[in-house]
Amino acid sequence: MPKMSPQGLILTGILFGIINSFTAFFYSSEWGYLIAFTIAIMVITFRPKGLFGVRRE
Amino acid sequence: MRSFLSLRDLVIKNWIFIIILLGLLIPLITSDQYILHILILSFILATLGASWDMLTGYGGLFSFGHQAFYAIGGYASAIICINYGISPWLGLLIGGLSALLASLVISYPVLRLRGPYIALVTLAFSLVIYEAITIFRDLTGGPSGLWGIPTFTPIDLGIIKITFEYTNRTSYYYLAYALLIINLIFLKIFVESKYGLRLRVIKESEEVAETLGIDTIKYKLVAVLISAFISGLTGAFYAHYIQLLSPEVAWVSTMLDIVLATMLGGFMTIYGAFAGSLVISFLKEYFRVIGQLRLVIYGLILILIIIATPSGLLKEMIVKILSFKKKVKVKNV
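Taken in order, these protein sequences are the chains called A and B. Residues in the first sequence are numbered from 1 upward in steps of one, following the working numbering. Residues in the second sequence are numbered from 1 upward in steps of one, following the working numbering.
Take the hints with a grain of salt, since some may be wrong.
Subject to a maximum C-alpha distance of 30 Å in a straight line, what follows is the list of computed DSSO-like cross-link-like pairs (lysine-lysine) [as the list claims (entries may be wrong)]:
1. B:Lys315 to B:Lys194
2. A:Lys49 to B:Lys203
3. B:Lys315 to B:Lys284
4. B:Lys218 to A:Lys49
Since the hints were derived computationally from the structure, they do not count as laboratory data. As the structure is a prediction and not an experimental result, all values here were calculated from the model.
Sequences and hints are given; from them, build the entire structure.
Spelled out as C-alpha cells, the structure:
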C-alpha cells in the first residue's frame, strides 16, 4: 500500500469540494459525482500513488 | 442393494444432467407465475455470478463493477430496440457487444493495476455509469426509469408457436434457463481449458506467469471481455423480460447480490453461483416483509460464511456429503 499523506488528503478534500460546488454552480448539480469519480479513475490509472504521492525508487 | 448402489453412483456421476433435467421439469410441475418469476430472477443472478466467478475466482481480477456491464447491456439493448425498432433477439447480442465495448474502455486501467486498486477502479466506473444513467434522462429516462421496452417477439416453429406473454412466463423461464445453462457450460469449458489454467497461474503470481512466457495482458483481457459480454447479455435479457429499467440496476446492491450468491455457492466452482443464487433469491423473497432490515441479515450471513467456510458454504457441504458417502462405501466393501 502507498504511504499515507495527511497533507495530500486535506488538499484533495478541499479540491474535490471546490470541483463539486463549481460544477454545481456553473453547470448542473448532477454532474458533481460523475466528474469526481472520473477524476478518481484517472488518478488511480495514471498516478497510482495519488496526486501528491511520492514515487518510491 | 446392489442396484441401489449403482443408482446412487449414477446420481453422483451424472448429477449435472439430473439438475438440468429437474430445471426443465419445473414449469410442468407448477404453473405458479410468482415462483417462475423468482426462478427467472435467480437464473439471471446465477449467470452474472458465474461470469463474475470466472473473472474473480479464476482470474484474480477483483471486479466490483459488474452491475455496470449488466446495466449497460440492458440500457443499450432497450434504447436501440425502442428507437430503431430492432428485434429484441438481436437486442440480446447488442447488449452483450455494448458491454464488451465498455469493458474495453475500463480494461485499460484494470490491466495496469493490481489487487485492491482494480476493485476501486471498477467500483468508481460503476458509479460513473449510475450517475450517467440518471443524468442523460432524454436517452435513459433518468431516475423515473425507461418505459415501454418491447418484449421478445414470438417464434413460429410451424407446429408450435412460442409466445412471450406476462400471463404465462413459461417461455421466459425456458429462455432464461437456456441462457444460464449455455453460459455455465461455456464458462466451465473455458475455465478448464488452457486459458483457464493460465488465468489461474496469473492469479497466483503474475511474475511467475510472465517468466513462464504467458502473455498476462492478453489472457486477462480475454477474461474481462468474456465476463462483460455475458453480463451485458444477461442485462439485455432482464430489460426485455421486465420491460422497465431504472438506474437502480446499476447500483451497488446488484453487485452485493452477485458477491453473496457466489460466496454462498463457493468460489472457483462456476456452478456454485447457481446454487447460491437459488438460495439468495428465495431468502430475499422470504425476508421481504421486514423491509430494509434484510440488508442487515444479508451482511451477517456474508460475514459468517466468509469466516466459517472461506471456500463457500454449499461447496463445503457437498464435499462433506460426498466424502461421507465414500467412507460408508469403503466400510461396506
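So, going through the hints one by one against the coordinates:
Pair hint Lys315 (chain B) plus Lys194 (chain B) holds up; C-alpha atoms about 24 Å apart against a cutoff of 30 Å. Of the supplied pair hints, the one linking Lys49 (chain A) and Lys203 (chain B) holds, its CA atoms being roughly 23 Å apart against a limit of 30 Å. For the proposed pair Lys315 (chain B) and Lys284 (chain B), the alpha carbon gap of about 21 Å is at most 30 Å, so the pair holds. Pair hint Lys218 (chain B) plus Lys49 (chain A) holds up; C-alpha atoms about 25 Å apart against a cutoff of 30 Å.
In this structure, none of the earlier numbered hints is contradicted; all agree with it.
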